[in-house]
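> Take a look at the letters that make up each chain.
2 protein chains.
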Amino acid sequence: MKRLRPTSWINNIPAYVPGTSKDTIMKRFGISDPIKLASNENPLGPSPEAIKAIESSKRITHLYPDPDALDLRKAAAAFFGCTPEHIIAGNGSDEIIDFACRAFIEPGDEVIIPETTFSYYRIASLACGAKAVMTDMKDHAIDIDDIEAHLSEKTKAVFIANPNNPTGTCLDSKQILLLADRIPEHVLLVIDEAYAAFVRSQAFKSAVNLVHVHDNIVTIHTLSKSHGLAGLRVGFGIAGSSIMESLYRIKPPFNVNLLALKAGQAALYDLDFLKQTLETTWNGLDYLYAEATRLGLQFVPSQTNFVLINIGTGAEKVYEELLKRGIITRYMASYGLDDYIRVSIGLPSENQAFIKHLEEIL
Amino acid sequence: MKRLRPTSWINNIPAYVPGTSKDTIMKRFGISDPIKLASNENPLGPSPEAIKAIESSKRITHLYPDPDALDLRKAAAAFFGCTPEHIIAGNGSDEIIDFACRAFIEPGDEVIIPETTFSYYRIASLACGAKAVMTDMKDHAIDIDDIEAHLSEKTKAVFIANPNNPTGTCLDSKQILLLADRIPEHVLLVIDEAYAAFVRSQAFKSAVNLVHVHDNIVTIHTLSKSHGLAGLRVGFGIAGSSIMESLYRIKPPFNVNLLALKAGQAALYDLDFLKQTLETTWNGLDYLYAEATRLGLQFVPSQTNFVLINIGTGAEKVYEELLKRGIITRYMASYGLDDYIRVSIGLPSENQAFIKHLEEIL
Numbered sequence: 036m037k038r039l040r041p042t043s044w045i046n047n048i049p050a051y052v053p054g055t056s057k058d059t060i061m062k063r064f065g066i067s068d069p070i071k072l073a074s075n076e077n078p079l080g081p082s083p084e085a086i087k088a089i090e091s092s093k094r095i096t097h098l099y100p101d102p103d104a105l106d107l108r109k110a111a112a113a114f115f116g117c118t119p120e121h122i123i124a125g126n127g128s129d130e131i132i133d134f135a136c137r138a139f140i141e142p143g144d145e146v147i148i149p150e151t152t153f154s155y156y157r158i159a160s161l162a163c164g165a166k167a168v169m170t171d172m173k174d175h176a177i178d179i180d181d182i183e184a185h186l187s188e189k190t191k192a193v194f195i196a197n198p199n200n201p202t203g204t205c206l207d208s209k210q211i212l213l214l215a216d217r218i219p220e221h222v223l224l225v226i227d228e229a230y231a232a233f234v235r236s237q238a239f240k241s242a243v244n245l246v247h248v249h250d251n252i253v254t255i256h257t258l259s260k261s262h263g264l265a266g267l268r269v270g271f272g273i274a275g276s277s278i279m280e281s282l283y284r285i286k287p288p289f290n291v292n293l294l295a296l297k298a299g300q301a302a303l304y305d306l307d308f309l310k311q312t313l314e315t316t317w318n319g320l321d322y323l324y325a326e327a328t329r330l331g332l333q334f335v336p337s338q339t340n341f342v343l344i345n346i347g348t349g350a351e352k353v354y355e356e357l358l359k360r361g362i363i364t365r366y367m368a369s370y371g372l373d374d375y376i377r378v379s380i381g382l383p384s385e386n387q388a389f390i391k392h393l394e395e396i397l
Numbered sequence: 036m037k038r039l040r041p042t043s044w045i046n047n048i049p050a051y052v053p054g055t056s057k058d059t060i061m062k063r064f065g066i067s068d069p070i071k072l073a074s075n076e077n078p079l080g081p082s083p084e085a086i087k088a089i090e091s092s093k094r095i096t097h098l099y100p101d102p103d104a105l106d107l108r109k110a111a112a113a114f115f116g117c118t119p120e121h122i123i124a125g126n127g128s129d130e131i132i133d134f135a136c137r138a139f140i141e142p143g144d145e146v147i148i149p150e151t152t153f154s155y156y157r158i159a160s161l162a163c164g165a166k167a168v169m170t171d172m173k174d175h176a177i178d179i180d181d182i183e184a185h186l187s188e189k190t191k192a193v194f195i196a197n198p199n200n201p202t203g204t205c206l207d208s209k210q211i212l213l214l215a216d217r218i219p220e221h222v223l224l225v226i227d228e229a230y231a232a233f234v235r236s237q238a239f240k241s242a243v244n245l246v247h248v249h250d251n252i253v254t255i256h257t258l259s260k261s262h263g264l265a266g267l268r269v270g271f272g273i274a275g276s277s278i279m280e281s282l283y284r285i286k287p288p289f290n291v292n293l294l295a296l297k298a299g300q301a302a303l304y305d306l307d308f309l310k311q312t313l314e315t316t317w318n319g320l321d322y323l324y325a326e327a328t329r330l331g332l333q334f335v336p337s338q339t340n341f342v343l344i345n346i347g348t349g350a351e352k353v354y355e356e357l358l359k360r361g362i363i364t365r366y367m368a369s370y371g372l373d374d375y376i377r378v379s380i381g382l383p384s385e386n387q388a389f390i391k392h393l394e395e396i397l
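Residue numbers (the working numbering), protein chains in the order written: chain A, 36 to 397; chain B, 36 to 397.
Hints may contain errors.
The list treats identical chains as one, so a pair stands whether inside a single copy or across any two.
Stated by the list, open to error - Calculated pairs, EDC-like style, for lysine to aspartate or glutamate (alpha carbon to alpha carbon, straight line, at most 16 Å):
| hint | residue 1 | residue 2 |
| --- | --- | --- |
| 1 | K57 | D106 |
| 2 | K352 | D373 |
| 3 | K37 | E220 |
| 4 | K359 | E150 |
If you're looking for bench data, these hints aren't it; they were derived computationally from the structure.
Work the whole structure out from these sequences, hints included.
The structure is reproduced here in structure tokens:
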């Protein structure tokens, strides 16, 4: 008897490993108020304007959301510097990654992904039956030469995150231009700028303007971090008309929920909150750099709201000991970085608690 | 020069046609408060318990939602009568339809879909490169004999909605058992019960229990209608372990947003609201039946919260005239029902306004 079989490639898809939740730690160690520095969430909470928008829309959640997300896209266009026609909104940027894969990848196509980056690029590509071709990192940064070296007749897409998660490094604008020139026009180049708002390097430049020059580039953006809306799932893709048309064909009609539309729109206009977020993040980074140096620990200077710290051979034990004390960071073995933990920037008191416990443990 | 090409099947995907929004009518005709009876939304609003849950969680929307949606799935398990392991939660039931397609369909597979049903089955199937095989209706109901007649070596999935949207008819439990027996075990049978809560027919039975008998059945559920949460996007799939495993491989980590998790959970336990919803719906249906009869109009008796009314050859004009008067219904030409409009059950005053204007127009 023939049995129901899933697609031939489904078992290649690895599971996504999320950051450990506060709930897990509360239950596992009986800790009442753990500090979560594991998922690069905004320590200030959601934008206050977003909270107000939720409040004023909570009674209309029985209505379907605007399938075009027009008001949200207008706000995003103003924020990212393009026109609404070149923006598509998603249920988090994860969904934009899915759209890009589902619109362009056929089973058997190759997708180039740097070895140490956001794991969802590989998951989403494999879910479409692609073969993931992983490229080497160079000093924790994406190596555009190695990407070029792996281009083949079968390459359909290249994914990069700029700045990169989980390493915090970024490619400067010259390198991005070089990469854009080296990727053939028939290969999709996905540039994920989830952390772009946090960049301090003057050499970085958003690739949004490149979508008007290169018909094969889509940039990806999220309100999860800089705008404090990870829980509501608001992401964007920005691209030229022909990519846009294909992404819209894949988009389900009501993919962005109504409170995400309203809160996202409000948050995009709340520049005060963004300013406060950046100050908190940058001060926190500088504090962690100084403290790591004092403790004799190496770290990877970061253009994001997290930092990769080299703890050495005992990294997993240190991570576990921090958990027991209610400090949730991310152990990086699943990214091939056995000696590292990644810590998100928290409130000053949270950063201090992390350092205090880390120092005691070391 | 080779250009970037989307998948070879993407241009087969038709666009989804949503119900006309209140905003559109307000702008188009300058009407301040139109009555929307076009999208089968709950006229009572969201469950009050859901509103409370949104209120109490609005300040934690900077945190990622629980990727396992465990509390929501526990509430759904209690409501639908199964265990949480057999439930997967989605960003609306649309996403569960997508998961089913993406987990099982390879390009070239055939998917059987009744001619007059929810349009998203066809959209989601074509997005995976499937060929959609449409089967005939019999007196506005799904014809299981015609489904059987279209099974082929290439058939990978069969979609039905029970009760069916947009006709409002339902298959009785004997027909469902017959269909389940006739579909080979290697073909996925998707039974969408989006409107099951509204059924008054004693002959109907939910297919949830069948998932433990047939390894190839998945049932689909939503909180959009009966629980008043269309704006928040909460849907479920229920299936045996092997289908579940495949659906979970496709599920993105944070697909159900945090406020949907909280509000959905609260709404599932709010049985008073559900009772009120059903009373409002059933009284509204009986009122519309009586008034349609009085006006000499035929209609399709409905097991849902909407009713298909045969207006005759002038249906499109009547629909347009209703729009101008601020009454939004759905003209059914895109479903091949040129003489029909579909009207959702509203509040008593909304149903009366619809009839008053309809009578004036006719």
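> Using 16 Å as the alpha-carbon threshold, which applies to K352 and D373: within, between, both, or neither?
Classified as within: same-chain Cα gap 11 Å, cross-chain 69 Å, threshold 16 Å.
> At 16 Å max between alpha carbons, let me know whether K359 reaches E150 within a copy, between copies, both or neither.
neither (30 Å within a copy, 58 Å between copies)
> Can you give me the call for K37 and E220, within, between, both or neither, at a CA distance of at most 16 Å?
Classified as between: cross-chain Cα gap 7 Å, same-chain 43 Å, threshold 16 Å.
> How would you classify K57 and D106 at a CA-CA limit of 16 Å: within, between, both, or neither?
between (34 Å within a copy, 15 Å between copies)
Checked against the numbered hints given earlier, this structure breaks only hint 4.
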